[in-house]
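Protein chains in written order, with the numbering used here: chain A, 2 to 389; chain B, 2 to 389; chain C, 2 to 389; chain D, 2 to 389.
The reader is advised that the hints may include incorrect statements.
It does not matter which identical chain is meant; a pair holds if it fits inside one copy or across any two.
Said to hold, decoys possible - 20 Å max Cα-Cα, derived SDA-like pairs, lysine to any residue:
no. : residue 1 : residue 2
1   : Lys88     : Pro100
2   : Lys88     : Arg102
3   : Lys88     : Tyr101
4   : Lys88     : Ser161
5   : Lys88     : Gly67
6   : Lys88     : Ala283
For the record, the hints were derived by calculation from the structure and aren't laboratory data.
Chain residues, written in single-letter form:
There are 4 protein chains.
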Amino acid sequence: MTAHADREGRTDAPGRADSSGRTGVWFIGARGSVATTATAGCAAIAAGLHPPTGMVTETPPFADSGLPPLTSLVFGGHDTLDCPLAKRAEALAEGGVLPYRLPSAVRAELDAADAEIRPGGPLPGDTRTDEELIAAFAADLTDFAHRHELARTVVINVSSTEPAPGPDDPRLPASSLYAAAALRAGCSYANFTPSTGLRAPALTDTVADCGLPHAGRDGKTGQTLLRSVLAPMFLQRALPVRAWSGSNLLGGGDGAALADPAAAAAKNAGKERVLADTFGTAPEGEVHIDDVPAMGDWKTAWDHIAFDGFLGSRMVLQTIWQGCDSALAAPLVLDLARLLARSHEAGLSGPRPELGFYFKDPDGGTSAALAEQYATLLAFAERLRGQA
Amino acid sequence: MTAHADREGRTDAPGRADSSGRTGVWFIGARGSVATTATAGCAAIAAGLHPPTGMVTETPPFADSGLPPLTSLVFGGHDTLDCPLAKRAEALAEGGVLPYRLPSAVRAELDAADAEIRPGGPLPGDTRTDEELIAAFAADLTDFAHRHELARTVVINVSSTEPAPGPDDPRLPASSLYAAAALRAGCSYANFTPSTGLRAPALTDTVADCGLPHAGRDGKTGQTLLRSVLAPMFLQRALPVRAWSGSNLLGGGDGAALADPAAAAAKNAGKERVLADTFGTAPEGEVHIDDVPAMGDWKTAWDHIAFDGFLGSRMVLQTIWQGCDSALAAPLVLDLARLLARSHEAGLSGPRPELGFYFKDPDGGTSAALAEQYATLLAFAERLRGQA
Amino acid sequence: MTAHADREGRTDAPGRADSSGRTGVWFIGARGSVATTATAGCAAIAAGLHPPTGMVTETPPFADSGLPPLTSLVFGGHDTLDCPLAKRAEALAEGGVLPYRLPSAVRAELDAADAEIRPGGPLPGDTRTDEELIAAFAADLTDFAHRHELARTVVINVSSTEPAPGPDDPRLPASSLYAAAALRAGCSYANFTPSTGLRAPALTDTVADCGLPHAGRDGKTGQTLLRSVLAPMFLQRALPVRAWSGSNLLGGGDGAALADPAAAAAKNAGKERVLADTFGTAPEGEVHIDDVPAMGDWKTAWDHIAFDGFLGSRMVLQTIWQGCDSALAAPLVLDLARLLARSHEAGLSGPRPELGFYFKDPDGGTSAALAEQYATLLAFAERLRGQA
Amino acid sequence: MTAHADREGRTDAPGRADSSGRTGVWFIGARGSVATTATAGCAAIAAGLHPPTGMVTETPPFADSGLPPLTSLVFGGHDTLDCPLAKRAEALAEGGVLPYRLPSAVRAELDAADAEIRPGGPLPGDTRTDEELIAAFAADLTDFAHRHELARTVVINVSSTEPAPGPDDPRLPASSLYAAAALRAGCSYANFTPSTGLRAPALTDTVADCGLPHAGRDGKTGQTLLRSVLAPMFLQRALPVRAWSGSNLLGGGDGAALADPAAAAAKNAGKERVLADTFGTAPEGEVHIDDVPAMGDWKTAWDHIAFDGFLGSRMVLQTIWQGCDSALAAPLVLDLARLLARSHEAGLSGPRPELGFYFKDPDGGTSAALAEQYATLLAFAERLRGQA
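One chain only, chain A, in its complex shape (with noise of 0.2 Å):
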């Protein structure tokens, strides 16, 4: 780790000194619903309203990890819509994404992230390039850290997916410009989405050089975490899958941007990945994501599985999740933040394979099965308690 250290300049022990300070958390799509869900959430657990639920941080194996507290967390993020945080959150209240009355119980930290987002891009008209848009976002970083003395900041993605890049686009997608940013500033980073990110072949040689963690690609939160175990069980049982068919119902913002079929497709990627990575080879099925505005942010995930038995016996297995997509994504993300963090402070750096139990697309390849995913994590928390 020696080199990490190095860049970062320690002399005597600066992360003993930072970890007594501030971390920021910067999101990507600060005000979108997994932002909100997130940031409002972090206040109303910090102080004691709710239990951390969904937060695996928070279980025990990870107590003695030196994660930062969630107290420690100070919020900001880029974004191009405008609509105030505390609004946000009242609207996913009357959805049903939080409890009632937690909108008014935690709109003081809502309004102090809500004064720490700056405006996204590049939006229609805008002629700055890309260097131009990625040395201002990163100016939105030092800035948010100057100002609140962060020791540290992580910069995670969590806006709407965008349609896959054309081959031949001279420009980078938008969530390239935020991840080479996060970068440039000194940020670990985390992209929750199928989006580009750090993906993009311009960007191959920034991410080797960086010396920083990072960890992706696209949250797994229900349909693909179902996948996750039960494609390990049909393995394990020597029982093959002849067709993974699925469908999923879901509103939203997100339900919005997966209409166009080259969000879909990216999307859909992720989710197939899990079971070619499990089998060897994708089995018959396909996917579909039906925008359904009335759904509003909840969501619906039908799973049917047909799968041979014994003598070629024929049988089935249908699974239906419905979830809140939002709620299922904060946690994650919190969690996330931390463990990059502290990643950060210990000196790692390079793709974090051992965050693969939180992604369809790991950064770093790892097993895609959940079992060997959490025994990793595991691992990684008993690593960082060895950590000065």
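We have chain A; now place chains B, C and D onto it with these hints.
Relative to the frame of chain A, chains B, C and D by itself:
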């Protein structure tokens, strides 16, 4: 392993000699759906008519573990019914459990196994004592082994679920009589049903002193298999399960047997154990088992899992499993026969927790999570590779 | 209608005079979820805060049938509990049954109804005879009508399901005491629960001579509603149902009440009646009702229907109904109040088979098929249009 | 019926004479799964091997309607494939669609029908004009009727769904060529598929002047059948459907044909028509049809219906239909053959809205509600009883 080796009186690697011999597989309930399917299926796979779908012991990790080949297995058993195996197989083919042409293709093997089925008991009016019954059953096993010059025999209980015995019943339940006979005849033993088997208090000393490997109780084929991967998922993701409810519809002999509330209670105990073992305490929710003769040998299991998400949001997972219990159980029963025979050959004795992968209620106690059970099983396969 | 008019002793068209007056709606179980939801919802709809979703009597075919307007309904009732209606409404809003801001928006109406709730009974230790209890309850009704100068009052039982009474019990069940009181006070009556109500043998003569309209038993809100359209479909398509199995998960007060096997049996009888009435004989299959407190006021009902196709091919339909029983029942209860009040005004008396659309077990006997019941209801709306 | 009789130029009651004769059933797609199942099944039922499950015309209300007996039906048809019917029937038996022993039991009838199958078209390279093709197909029909001395013949399209024709295509689609040939040969006609058939604009005059009964389009066998009873339920209960989404998984020839987006679009139009006809406007939601070869001839349809309850509470109904399309279609196709033959005999001509019970998109327009369609069908059966 010295003790075990001594107990078996080895002098010059009898294991090797034995391994060139044949292995007996003795089914309690030899004319039932599971035994008929296993007997017919083993013949079909050995003849190359079907791939070994569902047999974990036919996957690569077990290739060099010294398991007895399928062609070396000799089938026999006890049953209280008279219906010829070939006729039972025809009925299973009518119901879609066996491929239609299979019964005629393996007619010779079915008739051979049929000739080795001895009358079970006790039937009403039988005046023999428990001891006389055990002696008679053990004699059947010894005779079987002698006539076929078997290296060793594995006894597996696949008969209908017994009602849970009353606390003050002076007699051993039938499943325990058969189990005691197995040990007396020097056979390893597995109990694939929720019946008492070796767990009778009166057999405690016999079991402790037997010097034979054994495993059980209650095969994990469908709903509980699912639970053993889903429950750990909720735990690992820190998502508290509020209620886990289930309903099972099944026909066939098993449906009729489980229509007896006492038998159903025995079965349900196993299903709930997986949840209690995983979560520390069983969540709210009941499990129903309905006898639906119209379902024939097919089974549908619906599970409804209400769980909490971030900030108390309420989410639901439902699963519907549609399978044929006989076809799910048969390959696992063949696996167990091979693994226990090999354990016996290798001088292992006592409860085999390595086989927890197969059971709702493993002998010896292991994690209830399938992924960990599978890892343990693979380690066992590795260990067997190193045994003489 | 002369006969009925005579029976009520009309001389100078009191119906017209009455119809400019107000109508009482008296709930047995007035502090329960259904009554609270109906009371709050009626106020909200009358105030234009919500559309009358789920109220059949607010659809065009009923526009000119002379039903009492929602603004003319005055609420009261009996209950053995003390919790104020406004507080009950708050709890329902917390559970997502009522819109969150509704309780405060209709606070005045809830308080007004709360002031008209009288103690029910008999509670343990109450030494009054059946006759004394009936007289007391009837006096409450008379007093209510008198103070509010009501044209007429409808009594509707929406309390928790009673255990089915034993054959030799000398006392009337509570539901029958209330029902007898309703008739004695000259009120029409509907029983939205599976409890005994007017079906007590001891009340046969009273009912026959009452000269008042009544309807019931057991509202058809979810699983049975579905059955009443699906069962005719199978019949019409000549597809024999082999087995119809169901499982219900529900929390709230209803879940707890139905955890009593005798109460569940009363409830299940209604569910099975629809199938038996449609098919001539009930198919195989059981219905389970599980108390799952974690579900709160929400309910999930799973049905599994195994049916035969051409040449005996085996097919399956499964349905999963997820709803809130209070929200399903409340608009139907308001419908019944209006239809019975109008029937009363129009001089109709005795069982009203035209209202079979609303019940699992209609008074007066009608087809169990929803489509026919709806046609009958529409004809009734037409007929009421023609009445003075 | 004089008008119709005149149009057909009857003079001395040929209907009576004919009715002692035999009726032709000519399938377009005669070697497909539906035609094979119908042909084999008719023989099996006529021989008393199976009850007439799924045949509405074998229920009591049709007993005296003068329908041609099953024993009087003579089968033939067009197909572009060569596979012998007996071999197709064997494959269906392997897939569980036909009882295993049925193909051999009705081998003679299958061979007889096979001998009456003529080459369909046009295949690639066929240089015949539309008129030449129609003439050739009509000649096949005339020859069939002549050789078998048939009283009349019904032509039924059960071939794979065609892609929807482009607006400027100068050629008639194949389904319309066959349909035109049917009318030219004096045969009644039903279109059990979503293909164009008689709905081609170029055939408008031919259809108007044909003097023959016809019915269609697109048989209602599973998901749409369900929708035709569920949609009216929501309407009758004043429960607004917010979104109705569906997913279909099917293999077999139909799955492959519907993998063509243009064919799937034709199919989906029918499914949505039922909802739009019932509700006035189609609710949100999409329908997907996935080709899943592993499903063979079996199909699974999942529907997710999000609806509003009282005060806007959100509720959901989900249905899962698992059936075999061929087995669902075959008895309805036999029904249609009998009802059209009888209509023809009775001198009825033009579109028969009385048969709307069978179709997603009925000729002549009727209510989309199954219950009303059934009542109409029963009235038709009654009317036919009164005909000479």
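Results for each hint:
no. : hint           : verdict
1   : Lys88 - Pro100 : both (14 Å within a copy, 18 Å between copies)
2   : Lys88 - Arg102 : both (13 Å within a copy, 16 Å between copies)
3   : Lys88 - Tyr101 : both (13 Å within a copy, 16 Å between copies)
4   : Lys88 - Ser161 : within (19 Å within a copy, 41 Å between copies)
5   : Lys88 - Gly67  : neither (34 Å within a copy, 45 Å between copies)
6   : Lys88 - Ala283 : neither (43 Å within a copy, 32 Å between copies)
Consistency with the previously given hints fails for numbers 5, 6, ordered from lowest to highest.
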